[in-house]
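Participant: Below are the chains, spelled out letter by letter.
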Amino acid sequence: MKSVKKKKFNDAYLFIIPYFTIFFTFVIALIAISVILSFTYYDTINFPSFVGLRNYVNLFTQDTDFMQFALPTTIKYALIIGPVGYMISFLMAWLLAQVSYKLRTVLAIILYSPSLTSGVLMTVIWKVTFSGDTRGYLNYFLLNLGLINEPVQWLQNTSMIFGIMIFVGLWASMSVGFLAMLSGILNIDKDLYEAAYVDGMKSRWQEIFYITIPSIKPQMLFGAVMAVVGTFNAAGMATALTGAYPPPQLAGWLIVDHMNDFGFGRYEMGYASAMSVVLLLIVMAFYSVSVRLFGEKKEKRIR
Amino acid sequence: MKKDKDTEQLRLEKLKKKLQKKSRRNYRRFQGIKINPSFFHKSQIKFLLLMLPMLIITLLPIVYIFSHAFKSLSELYAYPPKIFATRLTFDNFRNLILATSQTGVPFIRYVFNSVVSSALTIFFSLLIGSLAAYSFSFLKYKLKKPLFALNQLAIMIVPVAIAVPRFIVMSELGLTNNMLSHIIPLLAMPVGVFLIKQFMDQVPRELYESAKIDGANNFQIFWKIVIPLVKPALVTVAILAFQSSWNNVETSSLYVDDEALKTLPYYFSTLTLGTSAIAAQGMSAVASLIIFVPNIVLFILLQKNVMNTMAYSGIK
Chain A
19 MKSVKKKKFN DAYLFIIPYF TIFFTFVIAL IAISVILSFT YYDTINFPSF VGLRNYVNLF
79 TQDTDFMQFA LPTTIKYALI IGPVGYMISF LMAWLLAQVS YKLRTVLAII LYSPSLTSGV
139 LMTVIWKVTF SGDTRGYLNY FLLNLGLINE PVQWLQNTSM IFGIMIFVGL WASMSVGFLA
199 MLSGILNIDK DLYEAAYVDG MKSRWQEIFY ITIPSIKPQM LFGAVMAVVG TFNAAGMATA
259 LTGAYPPPQL AGWLIVDHMN DFGFGRYEMG YASAMSVVLL LIVMAFYSVS VRLFGEKKEK
319 RIR
Chain B
89 MKKDKDTEQL RLEKLKKKLQ KKSRRNYRRF QGIKINPSFF HKSQIKFLLL MLPMLIITLL
149 PIVYIFSHAF KSLSELYAYP PKIFATRLTF DNFRNLILAT SQTGVPFIRY VFNSVVSSAL
209 TIFFSLLIGS LAAYSFSFLK YKLKKPLFAL NQLAIMIVPV AIAVPRFIVM SELGLTNNML
269 SHIIPLLAMP VGVFLIKQFM DQVPRELYES AKIDGANNFQ IFWKIVIPLV KPALVTVAIL
329 AFQSSWNNVE TSSLYVDDEA LKTLPYYFST LTLGTSAIAA QGMSAVASLI IFVPNIVLFI
389 LLQKNVMNTM AYSGIK
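Protein sequences appear in the order of chains A and B.
To convert, count from 1 in the first sequence and add 18; that's the working numbering.
To convert, count from 1 in the second sequence and add 88; that's the working numbering.
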């Protein structure tokens, strides 16, 4: 057996080389450069100078905006949007699978449309909706109904800004994970359901937990990973919503915002890179939790 | 004696029928509420009602884009604010056409650049991505684990974090002022590889084994057996690739100086900068409509391929 293996060229590398050539050049190399820059002082004009761990030390000991606002807000945001958005995505995918093809396609587009529109447009819509004067859609609507007597300053109140960000985040939570789960559910072998019902499965809840979810485990994991990663990508929301930079009392200020501020506002690229490394570590922690929750316990592979 | 036997048989038959009836009833109930139904039935209304709140808020961007594009200037700034346009007007379209006819580079050139770069991005990212996913799912080689770990790591990267290094690499490679600058950097899609791999993991290993025994090589198995089975994943990745390329403004603004090599969304973003703020709002609404509609069209075209691929594959 061994000699056969040795003689053969492993053609797996033919499959992997085209992708990884581009992947290494445009993704991995960039990450590596970013990590290296995090140990330097780099203002984009002069050549980066090595400063050791100073960026990291400063980040955790002196940057109060980071420790008091950006870090806790980001984690709070991720802990809410990740799980809740994921559950909504799965629920919507499952509900969509219950209607017939044409209607489903239309509804799927509607649910996915927040992900189709670019970020700029997305905040424009919510800005006019939550606008603090009487012209804002929500204020106008509530005034007309007589629920409020004067316009509410939705976007000036710091706790409300965070609430609105959560709302917008959930609104945009049907992303690619949702599409994957939808096609996963649609492609489950119908015989499985049939057999289970003949065997005495009673309710649709049982159907979800005994047939649907186990059958689409790979897609469930993908959806979970995308839900986690997606939440950390949100940037500039508070600024776009309030129209103030930085937003009042740094409400809704996320790590990515802080990074943008230092990287492209003050040209402290080394410091911004250190922040991106810290962010990556946080995302990795969330990722490993979701893999532990949704990944297959043991790979049941033949090969 | 004989009579006894008859009654015994009769009893057995009755029992059999009863059982059959029961399972048929179960079966019918199952048929009434099955997943992926082929027609509309009033029992589906409850599912629609459950989706309704989410549908209403997600419908907003579509309504907004369409109604704004057809609103007259007075309605765009009307008080009380209107969600729907009451009087349809094509003023915004006319303004946009007027503005586009005044630029040095013909408008159709931007459309051409966008369409070509999006099409090539979709094709090549799907090709190299699915090849890589196949190797992750089916093949065995030394570097598999570390490479997959790197792929997952890349998924977790926030794009802003690598913006500066990207600029360095792009200029070092000479990928500036070039049609290829729109395409090559977008071809590696770690998310796409992960998704396709997840779908490939569901393809029964027996299928792979039996094809191997029948003498098929990896490329044949990949192309003839696995690819048709993971169409839903390919479709989803195609939608993603299209989005990343079609909506991409960054390449045109940072890496391409030649006006004739820039793309449609970039052109639209500059168009609204020059004109007065009021006319710009109407025009940018039309521009976002033009950018948005191909997304929907592609989505509808590709959705057909999402369903029932496993059902026809002969896998049971």
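Hints are not guaranteed to be accurate.
As the list claims (entries may be wrong) - Lysine to aspartate or glutamate pairs mimicking EDC-like chemistry, simulated, CA-CA at most 16 Å apart: (1) A:K235 - A:E212; (2) B:K228 - A:D29; (3) B:K312 - B:E297; (4) B:K228 - B:D302; (5) B:K232 - A:D29; (6) B:K230 - A:D209; (7) B:K312 - B:D302; (8) B:K300 - A:D29.
Unchecked claim - Some chain A residues well away from chain B (every beta-carbon gap over 10 Å; in silico): (9) I63; (10) T82; (11) M85; (12) P90; (13) P169; (14) Q171; (15) F180; (16) Y228; (17) Y263; (18) V274; (19) G283.
It is worth saying that the hints were derived from the structure and are not from the lab.
Here a beta-carbon is modelled for each residue, glycine too, at the ideal position from N, C-alpha and C.
Participant: Of the hints given before, which are not true for this structure?
Facilitator: 1, 4, 6, 18
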